[in-house]
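Q: Residue numbers (UniProt numbering), protein chains in the order written: chain A, 1 to 299; chain B, 1 to 299; chain C, 1 to 299; chain D, 1 to 299.
A portion of the hints provided could be inaccurate.
Pairs involving identical chains hold if they fit within one copy or between any two copies, as the list cannot separate such chains.
Stated by the list, open to error - Distance condition first, Cα-Cα at most 30 Å in a straight line; then the derived DSBU-like pairs of lysine-lysine:
id, residue 1, residue 2
1, LYS265, LYS294
2, LYS103, LYS265
3, LYS170, LYS92
4, LYS75, LYS265
5, LYS112, LYS75
6, LYS164, LYS92
7, LYS294, LYS218
8, LYS92, LYS265
9, LYS75, LYS164
10, LYS104, LYS218
11, LYS75, LYS294
12, LYS165, LYS104
Everything labelled a hint here was simulated from the structure, so no lab data went into it.
Number of protein chains: 4
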Amino acid sequence: MEVHVKQNQTAREEQQENRARMLISCPDGPGIVATVSRFLFEHGANIVQSDQYTMNPAGGMFFMRVEFDLPELSKNLPALERDFQAVGDQFKMEWTINQVSRKKRLAIFVSKEDHCLVELLWHWQAGDLDADIAMVISNHNDMRSYVESFGIPFHHIPVTADTKKEAEQKQLEVIGSDIDLIVLARYMQIISPLFIEHFRNRIINIHHSFLPAFVGGKPYAQAYNRGVKIIGATAHYVTEELDGGPIIEQDVQRVSHSDNVNELKRIGRTIERVVLARAVEWHTEDRVLVHQNKTVVFN
Amino acid sequence: MEVHVKQNQTAREEQQENRARMLISCPDGPGIVATVSRFLFEHGANIVQSDQYTMNPAGGMFFMRVEFDLPELSKNLPALERDFQAVGDQFKMEWTINQVSRKKRLAIFVSKEDHCLVELLWHWQAGDLDADIAMVISNHNDMRSYVESFGIPFHHIPVTADTKKEAEQKQLEVIGSDIDLIVLARYMQIISPLFIEHFRNRIINIHHSFLPAFVGGKPYAQAYNRGVKIIGATAHYVTEELDGGPIIEQDVQRVSHSDNVNELKRIGRTIERVVLARAVEWHTEDRVLVHQNKTVVFN
Amino acid sequence: MEVHVKQNQTAREEQQENRARMLISCPDGPGIVATVSRFLFEHGANIVQSDQYTMNPAGGMFFMRVEFDLPELSKNLPALERDFQAVGDQFKMEWTINQVSRKKRLAIFVSKEDHCLVELLWHWQAGDLDADIAMVISNHNDMRSYVESFGIPFHHIPVTADTKKEAEQKQLEVIGSDIDLIVLARYMQIISPLFIEHFRNRIINIHHSFLPAFVGGKPYAQAYNRGVKIIGATAHYVTEELDGGPIIEQDVQRVSHSDNVNELKRIGRTIERVVLARAVEWHTEDRVLVHQNKTVVFN
Amino acid sequence: MEVHVKQNQTAREEQQENRARMLISCPDGPGIVATVSRFLFEHGANIVQSDQYTMNPAGGMFFMRVEFDLPELSKNLPALERDFQAVGDQFKMEWTINQVSRKKRLAIFVSKEDHCLVELLWHWQAGDLDADIAMVISNHNDMRSYVESFGIPFHHIPVTADTKKEAEQKQLEVIGSDIDLIVLARYMQIISPLFIEHFRNRIINIHHSFLPAFVGGKPYAQAYNRGVKIIGATAHYVTEELDGGPIIEQDVQRVSHSDNVNELKRIGRTIERVVLARAVEWHTEDRVLVHQNKTVVFN
Numbered sequence: 001m002e003v004h005v006k007q008n009q010t011a012r013e014e015q016q017e018n019r020a021r022m023l024i025s026c027p028d029g030p031g032i033v034a035t036v037s038r039f040l041f042e043h044g045a046n047i048v049q050s051d052q053y054t055m056n057p058a059g060g061m062f063f064m065r066v067e068f069d070l071p072e073l074s075k076n077l078p079a080l081e082r083d084f085q086a087v088g089d090q091f092k093m094e095w096t097i098n099q100v101s102r103k104k105r106l107a108i109f110v111s112k113e114d115h116c117l118v119e120l121l122w123h124w125q126a127g128d129l130d131a132d133i134a135m136v137i138s139n140h141n142d143m144r145s146y147v148e149s150f151g152i153p154f155h156h157i158p159v160t161a162d163t164k165k166e167a168e169q170k171q172l173e174v175i176g177s178d179i180d181l182i183v184l185a186r187y188m189q190i191i192s193p194l195f196i197e198h199f200r201n202r203i204i205n206i207h208h209s210f211l212p213a214f215v216g217g218k219p220y221a222q223a224y225n226r227g228v229k230i231i232g233a234t235a236h237y238v239t240e241e242l243d244g245g246p247i248i249e250q251d252v253q254r255v256s257h258s259d260n261v262n263e264l265k266r267i268g269r270t271i272e273r274v275v276l277a278r279a280v281e282w283h284t285e286d287r288v289l290v291h292q293n294k295t296v297v298f299n
Numbered sequence: 001m002e003v004h005v006k007q008n009q010t011a012r013e014e015q016q017e018n019r020a021r022m023l024i025s026c027p028d029g030p031g032i033v034a035t036v037s038r039f040l041f042e043h044g045a046n047i048v049q050s051d052q053y054t055m056n057p058a059g060g061m062f063f064m065r066v067e068f069d070l071p072e073l074s075k076n077l078p079a080l081e082r083d084f085q086a087v088g089d090q091f092k093m094e095w096t097i098n099q100v101s102r103k104k105r106l107a108i109f110v111s112k113e114d115h116c117l118v119e120l121l122w123h124w125q126a127g128d129l130d131a132d133i134a135m136v137i138s139n140h141n142d143m144r145s146y147v148e149s150f151g152i153p154f155h156h157i158p159v160t161a162d163t164k165k166e167a168e169q170k171q172l173e174v175i176g177s178d179i180d181l182i183v184l185a186r187y188m189q190i191i192s193p194l195f196i197e198h199f200r201n202r203i204i205n206i207h208h209s210f211l212p213a214f215v216g217g218k219p220y221a222q223a224y225n226r227g228v229k230i231i232g233a234t235a236h237y238v239t240e241e242l243d244g245g246p247i248i249e250q251d252v253q254r255v256s257h258s259d260n261v262n263e264l265k266r267i268g269r270t271i272e273r274v275v276l277a278r279a280v281e282w283h284t285e286d287r288v289l290v291h292q293n294k295t296v297v298f299n
Numbered sequence: 001m002e003v004h005v006k007q008n009q010t011a012r013e014e015q016q017e018n019r020a021r022m023l024i025s026c027p028d029g030p031g032i033v034a035t036v037s038r039f040l041f042e043h044g045a046n047i048v049q050s051d052q053y054t055m056n057p058a059g060g061m062f063f064m065r066v067e068f069d070l071p072e073l074s075k076n077l078p079a080l081e082r083d084f085q086a087v088g089d090q091f092k093m094e095w096t097i098n099q100v101s102r103k104k105r106l107a108i109f110v111s112k113e114d115h116c117l118v119e120l121l122w123h124w125q126a127g128d129l130d131a132d133i134a135m136v137i138s139n140h141n142d143m144r145s146y147v148e149s150f151g152i153p154f155h156h157i158p159v160t161a162d163t164k165k166e167a168e169q170k171q172l173e174v175i176g177s178d179i180d181l182i183v184l185a186r187y188m189q190i191i192s193p194l195f196i197e198h199f200r201n202r203i204i205n206i207h208h209s210f211l212p213a214f215v216g217g218k219p220y221a222q223a224y225n226r227g228v229k230i231i232g233a234t235a236h237y238v239t240e241e242l243d244g245g246p247i248i249e250q251d252v253q254r255v256s257h258s259d260n261v262n263e264l265k266r267i268g269r270t271i272e273r274v275v276l277a278r279a280v281e282w283h284t285e286d287r288v289l290v291h292q293n294k295t296v297v298f299n
Numbered sequence: 001m002e003v004h005v006k007q008n009q010t011a012r013e014e015q016q017e018n019r020a021r022m023l024i025s026c027p028d029g030p031g032i033v034a035t036v037s038r039f040l041f042e043h044g045a046n047i048v049q050s051d052q053y054t055m056n057p058a059g060g061m062f063f064m065r066v067e068f069d070l071p072e073l074s075k076n077l078p079a080l081e082r083d084f085q086a087v088g089d090q091f092k093m094e095w096t097i098n099q100v101s102r103k104k105r106l107a108i109f110v111s112k113e114d115h116c117l118v119e120l121l122w123h124w125q126a127g128d129l130d131a132d133i134a135m136v137i138s139n140h141n142d143m144r145s146y147v148e149s150f151g152i153p154f155h156h157i158p159v160t161a162d163t164k165k166e167a168e169q170k171q172l173e174v175i176g177s178d179i180d181l182i183v184l185a186r187y188m189q190i191i192s193p194l195f196i197e198h199f200r201n202r203i204i205n206i207h208h209s210f211l212p213a214f215v216g217g218k219p220y221a222q223a224y225n226r227g228v229k230i231i232g233a234t235a236h237y238v239t240e241e242l243d244g245g246p247i248i249e250q251d252v253q254r255v256s257h258s259d260n261v262n263e264l265k266r267i268g269r270t271i272e273r274v275v276l277a278r279a280v281e282w283h284t285e286d287r288v289l290v291h292q293n294k295t296v297v298f299n
């Protein structure tokens, strides 16, 4: 297993050493694709994959994701970024360029339900999640030994109604300054606006319903009481509105009248972990752009 | 095509001549299955299919559907029903027995969108919908010639805010006393409580969203604005609460950020017609029992 | 209904008057996207949608689909095509540019099963299938009146083992020279290599199984006998190898032990018509490129 | 986590202490359901769930699964079984009655791919797989520490072309006489007919394709080469015919031209583990009956 993972990673790493991903959002207008692709060509970059989407041909927003190879990327990227500034300004772009070899660093938050954490660790261990899991933070101590057996630091930060503010402060300290993404893997605490502000569009939550149905607590009980024939799960970025942030991914499973709440939970667990894993992978691969309360997902 | 349909129907009709379906709802208790199956056996009936479901083994509700063959059914059913009265009373059952050969009579309500009507007529013509389509009622006259080309009576009953009450009165007159099921095949008018009372649990509506998400008008626009990644449709019995009645069937389809409202509508049309057709078929085959605001579907 | 269709079509037609779609296949190499997008920009075209795919970054094939608007397209397209010749030659491209307003002309072949034909006509009538249905050809006369009620010419060309060659000759005569796509909508005759040669990658067949499982006749009986838990349908381009051509689209539906062959057929019909309709729509919208025995579908 | 599992188990165990499951296969005939349910009622048993299926009303096979509660089950079951012998003989039944509290004992075979094993252990640990995992047998030693961390015995039995016979002999010794089910969780060795004979309809394999497509080795490479748009996995009982045994469960996932073989494998892993877990759960809950080369699954 050890060997298997390493082989996958080595192959991937060689391929990715000189690869970068560019994400662009801007008002639509003529010539953007032409300008960007010509710019990259003239700077010696080879476009491997390019996706774009225009929300509305007349006066809407334009979104683009370009994956490209550039010889000696680490050495040459700063110059390319400096030169691209002019292009970005011309089209009023928000843009970023990420080196693929610079893996994103994740902090996973978890409470007592372990299935989403187990899934993410399994994807990570199998070499399918191209990120570093920098730490796991939990308001319970139950999963310490499991997490630490992977060599991942585990921080137990209890949260009560009274200590919520201090707990978040402690979380921020532990997280420090080099975490790219926070994953709420069935973390059963509401995140404060202050905390969200630190990680705008960088906190992914898994909600155990097919949003916008069954916002809030006990969604499986709500689903059972409504008598739905299909249940689902939703991965979304966390905003100040409870379960109201931009949706990244959803999936569903058929159920029947004979499934009680416990069975809905059991079926739902598999949906939740698959949906969360997809959303996290897409984010780490720079496939998700956020515009207002919606996502553009290039996958 | 003519020939094909007739063959299907003939084979089915022979098989079904002596077949009946019994539906039972009652408080759960020991010995129900044993009593019912023994009763049928002793009356010369052969059980072809039997399904049951107990909502909760201790003190819940019990639901049962039995399909059985009885020699000379038409002649012998009245005596069997009379004798079953004692069993029904013993267990406080609500029960019905339907002859399969006595097809249910449907009235389809439609406005301007034709896809659900087209679907039902296609299933009916293909011999897959085992019911009689007795009439189509519409608040517009657009589909008259299409409907009449199938030999089905078409009634144009306009509805405005002012004439709603009279229109419903006229609908009831046209429907008369021998319609078993009303199907709202994208009929864009709200049904009054008075009308609903006439057809309790016998009006099926197709709502063009994955309920309970996006209740009310313009659900595809709502779905687009919320940025969902999956859309759906829901067939449900109509109650006094708008889009709140017992759900019979739902289905969904994956969409992406690049699908605008018109594309959601287009994708949705195929979900709507499939979901509505399934719900209508299940109802006509006595597969749906209603308890409070939920359905038990034996399929 | 009449009005509804026309409104859709008018809106679409205005939008599409100056729109074109370019399809490119060529060996991969640096600078293709940059060169094409720069070319279009310099010729006054605005890229509305661009998709590309490289089969293998090192030495594989490159595929591209560009949707663009060009003012006064009809007048300006010939010059643009003439100028693009140099780009095409430089990268050894196979390329085509289609005016969106120039709808593709379809000939639909059908035998006795009508569901796929009904579906295509419904999509077409609803304004969702952006093509002209120029004619329906059948080896049976059953559907003449149905087809003619849409104002579509119907040609009855009987086929027997002995007359097959003559029948195909007659089909080719009826088809003439301005048909873009032949759709085998459950046409139960094998097409000869000679006929296929006339319409290479322009004959779409619907096979009623999840290929490559259950090639050949009676796939639902084969599926029943194997006891599969999911059945499917496959739309593919017709090649000389029976049911072996490039797959455009597939879909599936869950079944159970209790579904007999007739029920598999019934369930399958809905899969077949949905899958075929999607494949035909994608082809008519220039979304499908064929390479060897596989398709690239930009959707 | 520890606590959570135990609570689930305790609640389940109390409920199941007096619960049994009866499985019946026999030629169809009148009165079977009536006789069985009357028998159970007269012996003081309360039917909790009853499912049956007749392959063909006239002269086919009949299958039944009854879940029932009997006071003091352990004490009273032997007498009930003795008395039922007469019923079984009357209808030429194959029948078994299993105490739910007597959990099935599993031996899991695995090679180098760990995802199916991880899944089964996660379901087991979460209290969702109602069975005992008695041992893991592998032809490699890689997963020893992982398996042993759950307190499950791990047996490393290497297999080469030359030592196959001895290896199977050793496996049989290790397995002993009290294993109910063998699960091949991506065990990449072909099982000999001799071994199969010991565990007829008690070896479940997961094949990484949508059978009967892509029998044998490298199914994902086969799927890629054929250009399918959907991939799948199949759980089946192992018979002497390679990948040809009775199918228990299948599921699928949509893919596209842009997914290479490695990506198909990655997507497939999630299908495989879900499908295998379902099949194993259904088998352990006595939901699967085998008739010839097909399964009847009551779920």
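Q: Next step is simple, just say for each hint if it's right about the structure.
A: We went through each hint and held it up to the structure:
no. : hint            : result
1   : LYS265 / LYS294 : both (27 Å within a copy, 19 Å between copies)
2   : LYS103 / LYS265 : between (33 Å within a copy, 23 Å between copies)
3   : LYS170 / LYS92  : neither (38 Å within a copy, 61 Å between copies)
4   : LYS75 / LYS265  : neither (50 Å within a copy, 35 Å between copies)
5   : LYS112 / LYS75  : neither (45 Å within a copy, 39 Å between copies)
6   : LYS164 / LYS92  : neither (40 Å within a copy, 54 Å between copies)
7   : LYS294 / LYS218 : both (25 Å within a copy, 19 Å between copies)
8   : LYS92 / LYS265  : neither (46 Å within a copy, 33 Å between copies)
9   : LYS75 / LYS164  : neither (45 Å within a copy, 54 Å between copies)
10  : LYS104 / LYS218 : neither (32 Å within a copy, 33 Å between copies)
11  : LYS75 / LYS294  : neither (35 Å within a copy, 40 Å between copies)
12  : LYS165 / LYS104 : within (27 Å within a copy, 49 Å between copies)
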